[in-house]
Amino acid sequence: DTGVSQDPRHKITKRGQNVTFRCDPISEHNRLYWYRQTLGQGPEFLTYFQNEAQLEKSRLLSDRFSAERPKGSFSTLEIQRTEQGDSAMYLCASSLYPGVERGASSTGELFFGEGSRLTVL
Amino acid sequence: KNQVEQSPQSLIILEGKNCTLQCNYTVSPFSNLRWYKQDTGRGPVSLTIMTFSENTKSNGRYTATLDADTKQSSLHITASQLSDSASYICVVSPRSGYALNFGKGTSLLVTP
Chain A
23 DTGVSQDPRH KITKRGQNVT FRCDPISEHN RLYWYRQTLG QGPEFLTYFQ NEAQLEKSRL
83 LSDRFSAERP KGSFSTLEIQ RTEQGDSAMY LCASSLYPGV ERGASSTGEL FFGEGSRLTV
143 L
Chain B
347 KNQVEQSPQS LIILEGKNCT LQCNYTVSPF SNLRWYKQDT GRGPVSLTIM TFSENTKSNG
407 RYTATLDADT KQSSLHITAS QLSDSASYIC VVSPRSGYAL NFGKGTSLLV TP
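As you go down the protein sequences, you meet chains A and B in turn.
First residue of the first sequence: 23, per the working numbering; consecutive thereafter.
First residue of the second sequence: 347, per the working numbering; consecutive thereafter.
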């Protein structure tokens, strides 16, 4: 399977515990994004990397959240001292930038993983 | 205020019928508009992507249209199947920058 893979698919944890999610993007993709999605909502941007550099972080990403992409390949998203409000689906996506489709400053076709669902009790 | 608004919020149709989902956006200038299908508990999967200069794009039974003047897009599903039951998300990419603007999605249920 050469798509975006995420691990684990499901995680149940107690409030206050730390959790870490991993994302393996499509191998030739240089951009990697993390999104959070709650029920009935569209994905909300958290952060993105171009190669190993973290270029932008959303205000949603509190200091309890940290993301890394040390070698420009896989990425991890860690949540420390989890709270019940952190319960959500965490989606990873990757793309090749610049995109091949027409249009200036294209972000490239975005390919999503299956997501990691977090439940904080 | 969300820059991408989708309607209806949810829709129930009978198998075999057609339906049209709407997306209105205020992102300007924009680079492209995408429709994604998201099955429950899964990640979104791309259906179509249109640049500002394109009016229509088809992918099997899915046809997306775009009117850049009125800032509206629609996704038309022909001869619906039970497997079409999912959330359909409209995503608008600005001309500059990385940020994608996601709609909240339309939840479609196709019943036998």
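What the hints contain is simulated information worked out from the structure, not anything from laboratory work.
Source: prediction; values computed, not measured.
It cannot be assumed that every hint is accurate.
[Unchecked claim] Which residues of chain A face chain B? A partial, calculated answer using Cβ under 8 Å: (1) G38; (2) S49; (3) G94; (4) E131; (5) G135.
[Claimed, not checked] Among chain A residues calculated to face chain B with C-beta under 7 Å, some are: (6) Q63; (7) P65; (8) A110; (9) L113; (10) G130; (11) F134; (12) E136.
Where a beta carbon is used, it is the ideal one built from N, C-alpha and C, also for glycine.
### Query
Hint numbers the structure violates, sorted upward?
1, 2, 3, 8, 10
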